[in-house]
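S.K.: Sequence:
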Amino acid sequence: MTQLADRLVPCGPILDAKAAERAHEAIAKRVGEAMAGVDAAWAALAPVFAASPYLASLARKDGQRLPRILGGDPGENLTMILAAAEAVAAEPDFETARKTLRELKADLHLLTALCDLSGVWDLDAVTGALTRFADATLRAALAQAVRQEVDRGALTHVGAGEDGPAPGLFCIAMGKHGAFELNYSSDIDFSIFYAPEKLQVADGVEPQAVAVRIANHLGRVLQERTADGYVFRIDLRLRPDPSSTPPAMPVDAAMDYYESVGQNWERAAHIKARIAAGDFAEGQAFLEGLQPFIWRKNLDFAAIADIHSIKRQIHTYKVDDRLTAKGADLKLGRGGIREIEFFVQTQQLILGGRQPDLRGPRTLDALLALATAGHVTLEDAGWLSQAYQDLRALEHRAQMIADDQTHKLPESDTDRKKVAALWGQDNLRSFDAAVGKILKGVNARYGRLFAGEEELSSRFGSLVFTGVEDDPETLATLKRMGFSSPERVAATIRGWHHGHIAATRTERGRELFTRLAPRLLDAANATGAPDQAFNRFADFFASLSSGVQIQSLFLAQPRLFELIVEVMAFAPRLATTMAKRPTALDALLDPSFFGPIETPAVAPWDPADFEGAMDAARRLFRDQSFRIGVRVMSGSADARDIGRAFAELGDLIISGLAPAALAETERLGGAFPGQVAVVALGKAGSREMTAKSDLDLMTLYAADDPRGMSAVKEWGAETFYARFTQRMASALSAPTGEGTLYEVDLKLRPSGTKGPVAVSFGAFGEYYEREAETWELLALTRARVVWASSPAFKARAEGAIEAALRRPREWKKTAADVIDMRELMERERPGKGDWDLKLEPGGLVDIEFAAQFLQLAHAANGGPLRQNTGEALAALREAGLADEGALSRLETAWRLEQDLSQLIKVALEDGLDVEAEPKAFKALLAKAGHVSQFKSLKPKLAKAKAEARAAYKAIVKAAG
20 MTQLADRLVP
30 CGPILDAKAA
40 ERAHEAIAKR
50 VGEAMAGVDA
60 AWAALAPVFA
70 ASPYLASLAR
80 KDGQRLPRIL
90 GGDPGENLTM
100 ILAAAEAVAA
110 EPDFETARKT
120 LRELKADLHL
130 LTALCDLSGV
140 WDLDAVTGAL
150 TRFADATLRA
160 ALAQAVRQEV
170 DRGALTHVGA
180 GEDGPAPGLF
190 CIAMGKHGAF
200 ELNYSSDIDF
210 SIFYAPEKLQ
220 VADGVEPQAV
230 AVRIANHLGR
240 VLQERTADGY
250 VFRIDLRLRP
260 DPSSTPPAMP
270 VDAAMDYYES
280 VGQNWERAAH
290 IKARIAAGDF
300 AEGQAFLEGL
310 QPFIWRKNLD
320 FAAIADIHSI
330 KRQIHTYKVD
340 DRLTAKGADL
350 KLGRGGIREI
360 EFFVQTQQLI
370 LGGRQPDLRG
380 PRTLDALLAL
390 ATAGHVTLED
400 AGWLSQAYQD
410 LRALEHRAQM
420 IADDQTHKLP
430 ESDTDRKKVA
440 ALWGQDNLRS
450 FDAAVGKILK
460 GVNARYGRLF
470 AGEEELSSRF
480 GSLVFTGVED
490 DPETLATLKR
500 MGFSSPERVA
510 ATIRGWHHGH
520 IAATRTERGR
530 ELFTRLAPRL
540 LDAANATGAP
550 DQAFNRFADF
560 FASLSSGVQI
570 QSLFLAQPRL
580 FELIVEVMAF
590 APRLATTMAK
600 RPTALDALLD
610 PSFFGPIETP
620 AVAPWDPADF
630 EGAMDAARRL
640 FRDQSFRIGV
650 RVMSGSADAR
660 DIGRAFAELG
670 DLIISGLAPA
680 ALAETERLGG
690 AFPGQVAVVA
700 LGKAGSREMT
710 AKSDLDLMTL
720 YAADDPRGMS
730 AVKEWGAETF
740 YARFTQRMAS
750 ALSAPTGEGT
760 LYEVDLKLRP
770 SGTKGPVAVS
780 FGAFGEYYER
790 EAETWELLAL
800 TRARVVWASS
810 PAFKARAEGA
820 IEAALRRPRE
830 WKKTAADVID
840 MRELMERERP
850 GKGDWDLKLE
860 PGGLVDIEFA
870 AQFLQLAHAA
880 NGGPLRQNTG
890 EALAALREAG
900 LADEGALSRL
910 ETAWRLEQDL
920 SQLIKVALED
930 GLDVEAEPKA
940 FKALLAKAGH
950 VSQFKSLKPK
960 LAKAKAEARA
970 AYKAIVKAAG
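To convert a position in the sequence shown, counted from 1, into the numbering used here, add 19.
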């Protein structure tokens, strides 16, 4: 036997002589006569206790602990600690069991630290001692937990032997615990599974309830803090889908999960899996059943790429990146332990199915096997092996200072000097340089080993969503990308990786999403509104019934995907359409999507089915308006095309629902001998509609016989066509299960709300000849017959409208009326700021008034009549009916304001401040306004409005 005291050597300098002296005095008071043995080893102990308050406290609290460890052989001491831990399984008193395990943990920690720091044990011996103790305590804790259930009458007895204390239930050690690689202050990762039919439950007791309570008891035994501390923190989150499953899972449910939605990182985690406690035979059978899941002999390209993604989500070192010791995360940071482990595990997953020699659970053993098989150079394997050992040693020393479960080197120089001292360094600058060299070397080799593959990180940093806990660097990356709640974003993406939604429920769907995720986050960042973009994409993504086709499309057409994410960020109504009706996105699969905007020539529904027609119209409207809206967002069509497209869509729906409303009216009241037409006014009439335009409509009718009656209810003409108008308005505006269409406004009809809702042909002509006010005639310049019950009546209605407009007028009175109307509007409905493109001086109202006034003024002499404002201005200019420069300036302003209005109406809710929108949206506005940057747009718009205002005044005042 060799005493540990004889083998101890100083680990480094005495960092704080006063701290060492205080530790010496405190230990001497507790140790008493055995202090002579302590003093004999003090030269080696002083550097340790000067740097580590935790280790000093372990030596101080129990006067026998340090002399016992120093005076014994390290291996024999470890054996006694492990035997004592195993014996706790039989301890009848629960609290005594908990206390004993905590005291043994203190013994182990002091023994392991001294052996580690003096080089008595190498890394394998250190991690092996920690892991063997974890196994012993887990087995003892499981026996204690089972005894609790026996005492309450839920289990019939405590089992023994290979079946474990609860036959059918077992614990699978995972991660570093499974590979005998536990670090100094590690938690222990394990999963609890059970075969319900084998658990010896009492009559009437549910096996699941018992298994869950056993899991909870384990927490009380091992990780609950008492006056004596804790044994191990436990982590049960490596079980299948931990966010939605109980802490102990039935074997069959677990196997179903792995076979259906198990991920590659879970395959990697199971490389290290082994039975640690419980029913060994049952557990071994479970692991054997998992072997085909872990080790696949046949992998296609997509599967290999997805495995490689475990690595590619980590941002590799670039020349301008800073990899320094200060605050370095030795485990998860760049150049850290995880990079070495990820490289080894990804290679094992790809190659291990066909090469069993590569399946070793331990990192260094597996790295050597890969080098031996020629999959990594011996030079790289040797360098990474040494780096791994150095990083693990540094990690242990950072944890020894205060028993913190930390993997980071301290930020402060004072605290980092403690780690340096325990690592044998007396110069902080040299220590930092040595650590930095290791980190950079690991990260450089890591990146080189996967060179040339598609990056799955971001220019902002790593994007790692494997595992069950947040990756600190990924959270930092998400924060840099502008997300307000990085934890929520990370949890959402992990849930998608777990197959929580239909789009990622298949293996192929998850493989595609692995590639799509970083592109999604980058695209969301690029919008300047990442939260809105991500949240709305999440709604859409969760609504998909399958994700393979759409994700493949997004990956194949990155610009289209970026456009969709922009829509998510800036166009909430379009985003809602995609979320509620993902089939709207089918239009994007059409190769002609970005070609000329075409509207179906005929409404695709049966007018005899009124309710069916209403639903079909809403589906058509949703799909077509989505298509048009995306074209607006893409900037691939100008405002005139967009306005016409929205208007043609309105025409199609009106021309499809008007006959359905007529058929429904005839069904209710009987057929009526007569004709009817639907006239669009306002922006619908002028084909200048936007995404938010309502429908200004009027119905004109003529009875074949003024005294005619409907066949069934004997309705007169006024009643029949009023019912028709009401049915039509309802068909266009009422919500159904398929959504809504338009707001319908009938107030522009003769006499407005005071007159009948349907206008007879005779009353129309008489009203506009004798009673109509100037504003009503201005509105009539935009009147357009959209549908009529016969071509002949359509022509007759168009003739009546033109006749009303071409009657002689008194120029000066018309001009004075226009001026008065505009001034009244400015008083009662003033503009709301620079971005009010309608009501502000020089806005669309001024331009429309000028065009409508000139048409009214010259119509009697054969002047042009055009419903569309831009076409009217061009026709008036060509006819020389006003100053050419003034009309040109009005046209220029109209085109600019239409271009901007189309985008704003698609993207923003009314009242939102354009100036407060993200930079990316401002860039879209700049593009729509034909300038290179947003800061140039406002002056251009102001100039256009000022010129339009001056032109409007010059035109109407010249006439007055």
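No lab work stands behind these hints, which were simulated from the structure alone. Idealized CB from N, CA, C, for every residue including glycine. Careful: at least some of the hints might be erroneous.
Think about it this way: if two alpha-carbon atoms lie no more than 25 Å apart in a straight line, the pair counts; the simulated SDA-like pairs of lysine to any residue are [to be verified]: (1) 957 - 935; (2) 773 - 852; (3) 766 - 730; (4) 436 - 142; (5) 831 - 973; (6) 954 - 935; (7) 37 - 54; (8) 498 - 479.
Computed spacing ranges between beta-carbons, pair by pair [said to hold, decoys possible]: (9) 83 - 393: 22 to 28 Å; (10) 423 - 562: 52 to 58 Å; (11) 375 - 655: 51 to 57 Å; (12) 37 - 346: 44 to 50 Å; (13) 223 - 275: 25 to 31 Å; (14) 81 - 507: 32 to 38 Å; (15) 52 - 112: 47 to 53 Å; (16) 375 - 21: 53 to 59 Å; (17) 316 - 612: 39 to 45 Å; (18) 374 - 112: 29 to 35 Å; (19) 631 - 788: 40 to 46 Å; (20) 674 - 263: 46 to 52 Å; (21) 375 - 223: 34 to 40 Å.
S.K.: If a hint holds in the structure, say so; if it does not, say that too.
M.R.: Now the hints, each set against the structure:
In summary, the hint linking residue 957 to residue 935 is supported, as the alpha carbons are separated by about 14 Å, within the 25 Å threshold. Of the supplied pair hints, the one linking residue 773 and residue 852 is violated, its CA atoms being roughly 34 Å apart against a limit of 25 Å. For the suggested pair residue 766 and residue 730, the alpha carbons sit about 30 Å apart, so the restraint of at most 25 Å is broken. The hinted pair formed by residue 436 and residue 142 meets the criterion: a straight-line CA distance of about 22 Å does not exceed 25 Å.
As the CA atoms of residue 831 and residue 973 are separated by approximately 14 Å, the hinted pair is consistent with the 25 Å bound. Proposed proximity of residue 954 and residue 935 is supported: the alpha carbons are some 13 Å apart, at most 25 Å. Taking the CA atoms of residue 37 and residue 54, the gap is near 19 Å; set against the 25 Å cutoff, the hint holds. A threshold of 25 Å between alpha carbons decides the hint, and for residue 498 with residue 479 the separation of about 9 Å falls inside it, so the pair holds.
Against the hinted window of 22 to 28 Å, the Cβ-Cβ separation of residue 83 and residue 393 comes to about 54 Å, which falls outside the hint. Range check, residue 423 to residue 562: Cβ separation about 44 Å, and the 52 to 58 Å hint is violated. Taking 51 to 57 Å as the suggested C-beta distance range, the pair residue 375 and residue 655 conforms, at roughly 56 Å. Between residue 37 and residue 346 the Cβ separation comes to about 27 Å, which falls outside the hinted range of 44 to 50 Å.
The given range of 25 to 31 Å is respected by residue 223 and residue 275, whose C-beta atoms sit roughly 27 Å from each other. Range check, residue 81 to residue 507: Cβ separation about 45 Å, and the 32 to 38 Å hint is violated. Residue 52 and residue 112 have their C-beta atoms about 32 Å apart, which leaves the hinted 47 to 53 Å range violated. The hint said 53 to 59 Å for the Cβ distance between residue 375 and residue 21, and at roughly 39 Å that hint is violated.
The hint said 39 to 45 Å for the Cβ distance between residue 316 and residue 612, and at roughly 42 Å that hint holds. Separation of residue 374 from residue 112 is about 51 Å and departs from the stated range, judged on CB atoms against 29 to 35 Å. A beta carbon spacing of about 42 Å between residue 631 and residue 788 agrees with the range 40 to 46 Å that was offered as a hint. Separation of residue 674 from residue 263 is about 51 Å and conforms to the stated range, judged on CB atoms against 46 to 52 Å.
Our hint of 34 to 40 Å for residue 375 and residue 223 is violated, since their Cβ atoms are close to 47 Å apart.
The structure is inconsistent with the numbered hints 2, 3, 9, 10, 12, 14, 15, 16, 18 and 21, although it conforms to all the rest.
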